[in-house]
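Q: Sequence:
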Amino acid sequence: MPLAPPAGADDLPRYLHALRRLADADDLAAAHSGCTLAVDAAGRDGSAAGLAMAYSQRSSVARRMGRLPEAARDAEASAELLAVSGTDPTGPAAALVLSRRLAVLLDLGDLDLADGLLVEAGLDGDLPDEPEFLLLRYVRGRLHTAAARPGEGLAELYRCGERLGVRRSDHPGVLPWRSAVASVLVGLGAREAAERLVAEEVALTRRHGLASALGRALRIQGQVRSGAAGMAAAVEAIRVLQGTPRRFELATALVDHGALLNAARQRPQARRVLRDGLELAQECGSPALVARARELFAGRTVR
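Residues 703 to 1005, numbered by the working numbering, are exactly what the sequence shown covers, in order.
Please keep in mind that the hints were generated in silico from the structure rather than gathered at the bench.
Be aware that one or more of the hints could be misleading.
Now the in silico label distances, taken between C-beta atoms and shown as ranges [unchecked claim]:
#1 706 <-> 930: 48 to 54 Å
#2 895 <-> 738: 42 to 48 Å
#3 873 <-> 731: 21 to 27 Å
#4 889 <-> 723: 30 to 36 Å
#5 822 <-> 969: 40 to 46 Å
#6 793 <-> 889: 33 to 39 Å
We treat Cβ as the ideally placed atom computed from N, Cα and C, and that holds for glycine.
Make a model of the complete structure from these sequences and hints.
A: And the structure:
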């Protein structure tokens, strides 16, 4: 049954919640179209807060689709609107808007701007344990690890797992904290612990999960496992993600697989895979992934 459009400003929260469910089911095209309707409706009603949340939701969907420049524009517009809406700047709505903006910046590779925005928002310290702040904690953990602060990153990510367990909603479809932790642990030399965590996430997503969640878990498993097992996971990740709308996740999986082939001295195969990954990274608009793919294509070893 088609989703009923918002009846007005008061109906916008209901509509945005329904769009979020569509996006979480990877029905991204429908969710994106619905977000544009929400933006138009909020604009007509003159609600700055409603328009901010509509832009934020569309940013999240565009990011999942791999349309990163569009996602960045919507995320910035959302933040600007929320700042003049009278909304609590450290409340749940602000935390959600910031989380989505930081996630886009992570995909773009703009870690300095992400760090600066987090401090500027006053949300870089202790956070409430309420569910509304859990996504921000997860994104902060990813930012810390990407910025070479593994201890802080692990603390945030393990806290996510703990809070999800308390809420009995610990599934990778909610937050994939296990694979995020595993990617840090393997870099610290704790390969066995990393393998256990990512294997658990793969098993969970195989039983009850979206193909995109399984593809992401397999991609990380490819990085964590050594030898033929890691290569097999990387290949399966690409195959699974090719059947999903998650273009940036697929681009990342291709580049990761190319890195594994480089390390295995399979240069002709690596160059073929990296060429595909580079083209898709350019299409998605991620300077960081483009640069990494080019370095690997040239035969250089990069993480």
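Q: Indicate, hint by hint, whether the structure satisfies it.
A: We went through each hint and held it up to the structure:
About 51 Å separates the C-beta atoms of residue 706 and residue 930, a value consistent with the hinted range of 48 to 54 Å. Checked against the hint of 42 to 48 Å, the C-beta distance between residue 895 and residue 738 comes to roughly 44 Å, which is consistent with it. Between residue 873 and residue 731 the C-beta distance comes to about 24 Å, which sits within the given range of 21 to 27 Å. Checked against the hint of 30 to 36 Å, the C-beta distance between residue 889 and residue 723 comes to roughly 35 Å, which is consistent with it.
Hint check: residue 822 to residue 969, Cβ distance near 45 Å, so the stated range 40 to 46 Å holds. As the Cβ distance of residue 793 to residue 889 is approximately 35 Å, the hint placing it in 33 to 39 Å holds.
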